[in-house]
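In the order they appear, the protein sequences are chains A and B. Note that the working numbering numbers the first sequence so that position 41 is 41, with each residue one more than the last. Note that the working numbering numbers the second sequence so that position 165 is 165, with each residue one more than the last.
Calculated directly from the structure, the hints in this document are not laboratory data. Any given hint could turn out to be false.
Some chain A residues close to chain B (C-beta under 8 Å, calculated; not the full set) [stated by the list, open to error]:
1) Ser5
2) Phe29
3) Gly32
4) Leu34
Since we're looking at a predicted model, the values are computed, not measured. For every residue, glycine included, the Cβ atom is placed at its ideal position computed from N, Cα and C.
This is what each chain is made of:
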Amino acid sequence: MLIISWVIVFHCNKYKDQGIALSYAKYIFLAGILIVFIVASTYLILFLSI
Amino acid sequence: MVNLEENEKIIKIVRKHWFAIVLEMITSFAMILGPIIFFELIEDVLFHELTLKNLYLLLFFYFVYLLFVWAFMFINWLNYYLDIWIITDKRIVNIEQKRLFSREISSLRLDNIQDVKIEMHGIINTLFKIGNMQVQTSSPEIEFILPQAINPENVKHIIMEAHNREIEKVKTVKIQG
């Protein structure tokens, strides 16, 4: 999923001059992916540690 | 993005109205909240002896699911945001983002425009000034359509003004020639 999100961000980088909101949105997207990924990993670790 | 010609100036960039993305965002939020509501409803029936370990596993799967929903939301937004018309003093460039990795770019010279049609239907569209725009040329196959554009009346006015200026230029060149 992290690889897919990187591909999406890399792809939308091509159109960065098509509007300023794109550059902000891609960082919000990446931040969201990272946060959800960390939370999911935490629950997986908790599950495996019990 | 688009390579402009020499001395070509951008007059206006037209986007879809933000209301166009609202319905898709509501769907995405329903996808986020759906499993929680479903889990709450069937909790007493199926999970009355839910252990902490299984709860962690459920939450893990839920957050993996959220990763996909988040990506789905962003792709939807991207498709909405990259759909634009660039009106320059010489032509209209239509950039249509069909899917994430599929886009179509076409341009139409202002002097080839036959008609600019706008459609505004319903209370919400009238209140928020949302309308479908259609630019027609002499060829029936070439047609530019931008659904749910922001303030289409104003955009039509801008296009018609630019079109008239371009026609005047062509006339002047012909008379001088």
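Tested hints:
Interface hint status for A/Ser5: upheld, as the beta-carbon distance to the closest one in chain B is roughly 6 Å, under 8 Å. At its closest, the beta carbon of A/Phe29 sits 4 Å from a beta carbon of chain B; the interface hint therefore holds under the 8 Å criterion. Annotation: interface hint on A/Gly32 holds; nearest CB of chain B at approximately 5 Å, less than 8 Å. Because the smallest distance between the Cβ of A/Leu34 and any Cβ of chain B comes to about 10 Å, over 8 Å, the interface hint for this residue is violated.
Comparing the model with each earlier hint shows a violation of hint 4 alone; every other hint is respected.
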